[in-house]
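K.L.:
These protein sequence lines are chains A and B, in that order. The opening residue of the first sequence carries number 143 in my numbering; numbering runs sequentially from there. The opening residue of the second sequence carries number 143 in my numbering; numbering runs sequentially from there.
Take these hints with a grain of salt, some might be off.
As the list makes no split between identical chains, a pair holds if one copy fits it or if it spans any two.
[Stated by the list, open to error] Here are the computed lysine-lysine pairs in the DSS-like style, where the Cα-Cα straight-line distance is at most 25 Å: (1) K359 to K447; (2) K447 to K144; (3) K413 to K222; (4) K144 to K405; (5) K144 to K259.
In short, the hints are calculated from the structure, not lab data. Nothing here was measured: the structure is a model prediction, and the numbers come from that model.
There are 2 protein chains.
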Amino acid sequence: MKIIVDAMSGDNAPVEIVKGALEARAEAGADVVLTGRGEDILRCIDSLGMGKLPQGVEISDATEVIDMDDDPATAVRVKKDASMTVGLNMLRDGHGDAMVSAGSTGALLSGATLIVKRVRGIRRAAMAPIIPNSAGGFILIDCGANTECTPEYLLQFAFMGSFYAEDALGLSAPRVALLNNGTERAKGTPLQREAYELLEKAGGEGTIKFIGNVEGKEAMLGACDVLVTDGFTGNIMLKSVEGAASLIMSELKGIYKSSIITKISALMIKKHILALRARMDSDTTGGTMLLGISKPVIKAHGSSKAPAIRGAIRQAVSAAGAATAQRLHDNMSLMTTQVRSTIASGEDGEERSENNGEPE
Amino acid sequence: MKIIVDAMSGDNAPVEIVKGALEARAEAGADVVLTGRGEDILRCIDSLGMGKLPQGVEISDATEVIDMDDDPATAVRVKKDASMTVGLNMLRDGHGDAMVSAGSTGALLSGATLIVKRVRGIRRAAMAPIIPNSAGGFILIDCGANTECTPEYLLQFAFMGSFYAEDALGLSAPRVALLNNGTERAKGTPLQREAYELLEKAGGEGTIKFIGNVEGKEAMLGACDVLVTDGFTGNIMLKSVEGAASLIMSELKGIYKSSIITKISALMIKKHILALRARMDSDTTGGTMLLGISKPVIKAHGSSKAPAIRGAIRQAVSAAGAATAQRLHDNMSLMTTQVRSTIASGEDGEERSENNGEPE
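Looking at chain A on its own, in the form it has when it is part of the complex:
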């Protein structure tokens, strides 16, 4: 197995990316291809105390880098020799089994859709991070790829999330829920009400296990394994949870620093608190799967350091071993609806570029 790693994108590229990739190579047993400026990458490898390229590590030269100032919708077309573009082309052409990038989310999403393409029949790719909850974690889909959604998108997200939960969380029959402002079926906006009907029908057909509406609080307390929503609402949930966690961890720090007694107390419990902080902190965990793309693409956090890159590569190895795209293909008839929804699809920049990737 071979994982393509965009070595030049992210706040800590290339040093931390290269470091994480070499560590993952040693640990996961998968080969890695680093895309980017060969000279820079070799200098990183040298600075890590390795004179030459370790076995199982390749470099694929790319002279450009896509950064946050580039228009996400057109970045891979404008910068054809960027580390991200080169990586996506390699993935499409079979020169790797999965790809990891800590670059611009929008550029990666548009680029993956344009170059690697969506699974045929999938309307939109979605971002699906694993959110910590009392049961370990659940998959939130979508959390930012599609600001405006139709009920059919949400139906497809449910299947994508369910298959991914089986692979990534090791669950059989993951509990799929719709994020809503109450549990009654009539809750929410027309989007939630129409999606509820489609999800209920899909649940009745037995391929996914739809358990109804779930509120944000119950999701955090373990009520579901997959939480389906539009990208706007999912983003608000994700960021609110991150903010609340960050607030509490920072208040705890303040408490521990407040006196001699609390400082001693902190020493006694330090490793547990650090583990909890790491669990709640997206920066230290792995990456977010872009689901619906025909091959596995993982977005690592922009601020990723080596451990997060290692985690994202582990995810990539696991995703490359799963047959999610094939399962989506096999179940496509259950995931498309001929009924014209009253809710039109939103068309922003990123989404237009996705349409170019595969005309609908």
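For chain A, the structure is supplied; the task is to place chain B on it using the hints.
P.N.:
Positioned in the frame of chain A, the structure of chain B alone reads:
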């Protein structure tokens, strides 16, 4: 000053409500009127060790109780002699300066709109809880009263929230932000984009201080004093924050219980952790203002015990002393827009009942 307290609504009514009201009476110096079954209320007072009605406490007899099975939109019309209905009528008629109820949110919202009425020109009442953040707290408006909103509603929420932040948080020129999935002005759905323009214009006119889009994480870390959103999104944020806080506090408890060492550590820090838990827990704090109603109505949490009722009564006293309704009235010309939005107002049960309260 006299505060009307619905003694019969909520999970712990009437005992905890009566207890909280009597404590608030002693502490805040405001008189209280308890609405509900006189016999039950007198029995509670007796069980608290007081033989007779304390000075400054009245009972207003009401034979019925609105419960969770009643249709929120029609509850106060069907149960004319319910403790909530009687309280709202007293508030309208000037037999009290503010009202507190731990009853059904929907029934209280519809009832307040029907009986007490909105400030003339205000399109929708909104729920505005104070959410803890690193700076103390910010006001989230709306968080559940209006699932679907127009940009004009959001403009009015901004004014309502800003005036309330001045009164409740003691701020001058509170920083008003729009909850969005990014900070750029083009972010979000058409609702956010249209609201942004209205808010920017209002900010330019100087009555409110609009600081732009804010994401959920930054809001929790102190970026704004008032966070404006539709009731669906606000509800998702509120519940997600509650869920994350609940998850972390429960994980902490698990850590503290895990060994002798951690148990000793916990003892050393117990009072601080309990204080943090209380700060993050909506059940122990006060209530949520219904803003836009012509007189102050406070929704206490359904699971409120005496301390939360005391907190809600303190809020009621503060709100009764403020001139929020008058200020809304005085600034109404800045809060209405003649431009027909492309986004239609949603019309669900609760909202229809609001329209009956004041035809638009």
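K.L.:
Take the hints in turn and mark each one as holding or not.
P.N.:
Going through the hints against the structure:
1. Taking identical chains as interchangeable, the C-alpha atoms of K359 and K447 lie at most 25 Å apart only when they sit on different chains, with a minimum of 21 Å there against 30 Å within one chain.
2. Taking the shortest Cα distances, K447 and K144 sit within 25 Å of each other inside one copy (21 Å), while across copies they are farther apart (59 Å).
3. In this homomeric assembly, K413 and K222 never come within 25 Å of each other (Cα to Cα): the closest approach is 46 Å inside a single copy and 59 Å across copies.
4. Taking the closest pair of Cα atoms, K144 and K405 never come within 25 Å of each other, the shortest separation being 47 Å inside a single copy and 47 Å across copies.
5. Within a single copy, K144 and K259 get their C-alpha atoms as close as 20 Å, which meets the 25 Å cut-off; across copies the closest is 66 Å, which misses it.
Checked against the numbered hints given earlier, the structure breaks hints 3, 4 and satisfies all the rest.
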